[in-house]
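K.L.:
Single-letter residue listing:
There are 2 protein chains.
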Amino acid sequence: MTPQTTAMTRFDTYLSRINTRLSELLPACFYDAPAVCDAMRYSMEGGGKRIRPVLMMESCRICGGDPEDALDFACALEMIHTYSLIHDDLPCMDDDDMRRGKPACHIAFGEATAVLAGDALLTEAFHTAAACAFAKQHPDRAVEAIALLAELAGACGMIGGQAIDLQSEGQAIPLERLQQMDRLKTGALMKAACAIGAVLAGAAKAQRDALERYADALGQAFQITDDILDVTSDSETLGKPVGSDAQQNKSTYVSLLGLEQARKAAAAYTAQAVSSLGLFGEEAAFLRNLAEQLGNRIS
Amino acid sequence: MTPQTTAMTRFDTYLSRINTRLSELLPACFYDAPAVCDAMRYSMEGGGKRIRPVLMMESCRICGGDPEDALDFACALEMIHTYSLIHDDLPCMDDDDMRRGKPACHIAFGEATAVLAGDALLTEAFHTAAACAFAKQHPDRAVEAIALLAELAGACGMIGGQAIDLQSEGQAIPLERLQQMDRLKTGALMKAACAIGAVLAGAAKAQRDALERYADALGQAFQITDDILDVTSDSETLGKPVGSDAQQNKSTYVSLLGLEQARKAAAAYTAQAVSSLGLFGEEAAFLRNLAEQLGNRIS
Chain A
1 MTPQTTAMTR
11 FDTYLSRINT
21 RLSELLPACF
31 YDAPAVCDAM
41 RYSMEGGGKR
51 IRPVLMMESC
61 RICGGDPEDA
71 LDFACALEMI
81 HTYSLIHDDL
91 PCMDDDDMRR
101 GKPACHIAFG
111 EATAVLAGDA
121 LLTEAFHTAA
131 ACAFAKQHPD
141 RAVEAIALLA
151 ELAGACGMIG
161 GQAIDLQSEG
171 QAIPLERLQQ
181 MDRLKTGALM
191 KAACAIGAVL
201 AGAAKAQRDA
211 LERYADALGQ
221 AFQITDDILD
231 VTSDSETLGK
241 PVGSDAQQNK
251 STYVSLLGLE
261 QARKAAAAYT
271 AQAVSSLGLF
281 GEEAAFLRNL
291 AEQLGNRIS
Chain B
1 MTPQTTAMTR
11 FDTYLSRINT
21 RLSELLPACF
31 YDAPAVCDAM
41 RYSMEGGGKR
51 IRPVLMMESC
61 RICGGDPEDA
71 LDFACALEMI
81 HTYSLIHDDL
91 PCMDDDDMRR
101 GKPACHIAFG
111 EATAVLAGDA
121 LLTEAFHTAA
131 ACAFAKQHPD
141 RAVEAIALLA
151 ELAGACGMIG
161 GQAIDLQSEG
171 QAIPLERLQQ
181 MDRLKTGALM
191 KAACAIGAVL
201 AGAAKAQRDA
211 LERYADALGQ
221 AFQITDDILD
231 VTSDSETLGK
241 PVGSDAQQNK
251 STYVSLLGLE
261 QARKAAAAYT
271 AQAVSSLGLF
281 GEEAAFLRNL
291 AEQLGNRIS
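Protein chains in written order, with the numbering used here: chain A, 1 to 299; chain B, 1 to 299.
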């Protein structure tokens, strides 16, 4: 077995645990108005790469923890990522009709139900984190992890990136602002994945710092690759419309630097991610592979 | 000083602590796109009765705790209440232009910013709860309280009530369904206030049970009074449009039972709230007064 096969097998193991657990965690509707619960499940079960929860479980593992201890927090993070996509796709936001190859939540269930389904997923994320078995056993680590999750998902994290995005519409913005936007909009949840994995494992500061540097570089590479795919891919491969950045007049790495330079920037950030994990030695092979595969992804 | 004056003084003391602390807790915007943070502050500082946070601090106190220990959780609960109003007022939801006597968040800041401001307040609520000093000192009580907060604000709580509301639009619904809707939509956060106050104080089960019965009756009385005021009050007194229930063809206590029977039902629930606190003796005078004053409120 090549190292890559080993890594992919582990990815699939995590993926299977995450998808099974997500399905168990989503609330069953006990009243006669199931649309919101149906919409939550529809959007959660809509595929998605599950990169953030996988990152969290593996971050917990390489810091000496049991990845199962991070499973519910990992699912919570994926709920937050999914709610952000539901709200992002709303007519008053990016107004996208397709997501992960199927109609966006507001197309399938209507706008009001999509707003509530997003709200409910965000809320359920914190319920999942606070009510899990690990939180009962290690409440000190759990409150630290919940505070991190909320900080990085909120106005000083992911939502901050969306706020910059919103206030930049139709303008050419400087590269520095684009980087700040990406660091918040995409990077914050990557950082949450790695930092929370470390906190749940009771990691040393140096381990957590290294993982946060990895997450930061990975997030930048990931967002630049997204910008590139929006220009070079097709909607069938991506599962969502292409060309929407240009159509919405959004500044991206490609519009600011050109395709060639954008590719170089993505490769440089990927290399930075790979090199930031030195202190973990061979144990970090999976995370290094993951960074490289995400840099070469086609969807 | 009459007992009522004493009670009102305590209410004002709580109110002042809550408003000061809320202002400190709202995030300062560190990037050049302040609209979302401005909108959060605009809606939080828009007045409001602050009943839920006051209930929480007093519930903590009568269970033997220090109400200051509940202050940050109380602010978190008020953030959740406020986010729910912002999203409720959106064009795709109730489409209300006025709230607490001033333009609704989406009127003042636009729809997209209002969606994000609501999301950010909900997220900040959990940050506030998990990052507070009390959570560091008593992480076991804090995770229990956070789990309760999320459960009662989510699809099995407040959002469930909104889901029923949404799927009942334009229909006459039976009284039983109206009660279930009110119990979730309004009662769930009242219950959160009382139950979390008890949990933070390390209350005995009987104390928490009594407070939950009080919250349940109070929530029903509160919602029926809301229905009544929507018919009998004017928009200047209420700070929001009146007659909107009838206009939106919503079933209410008034439309189902008539004004007279609705008033009787509100009074019966208020009496039930008052009588549920027997085990606290004189210590519960403030909560009994509060129930009576809310039953007699004019806005």
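Don't read these hints as lab results, they were simulated from the structure.
Among the clues, some could well be false.
When chains are identical, the list treats them as one kind, so a pair holds in a single copy or across two.
Below 25 Å or equal to it, Euclidean Cα-Cα: the simulated DMTMM-like pairs (lysine to aspartate or glutamate) are [claimed, not checked]: (1) K205 x D140; (2) K102 x D226; (3) K136 x D216.
K.L.:
Pop the pair K205 and D140 into one bin, within, between, both or neither, using alpha-carbon distances up to 25 Å.
P.N.:
Result: close both inside a copy and across copies, 16 Å intra and 24 Å inter.
K.L.:
Which holds for K102 with D226 at a C-alpha limit of 25 Å: within a copy, between copies, both or neither?
P.N.:
For K102 and D226, the Cα distance is within 25 Å only inside one copy (19 Å; across copies 41 Å).
K.L.:
Given identical chains, is K136 near D216, meaning Cα to Cα at most 25 Å, within a copy, between copies, both, or neither?
P.N.:
neither (30 Å within a copy, 28 Å between copies)
Consistency note: the structure conflicts with earlier hint 3 alone.
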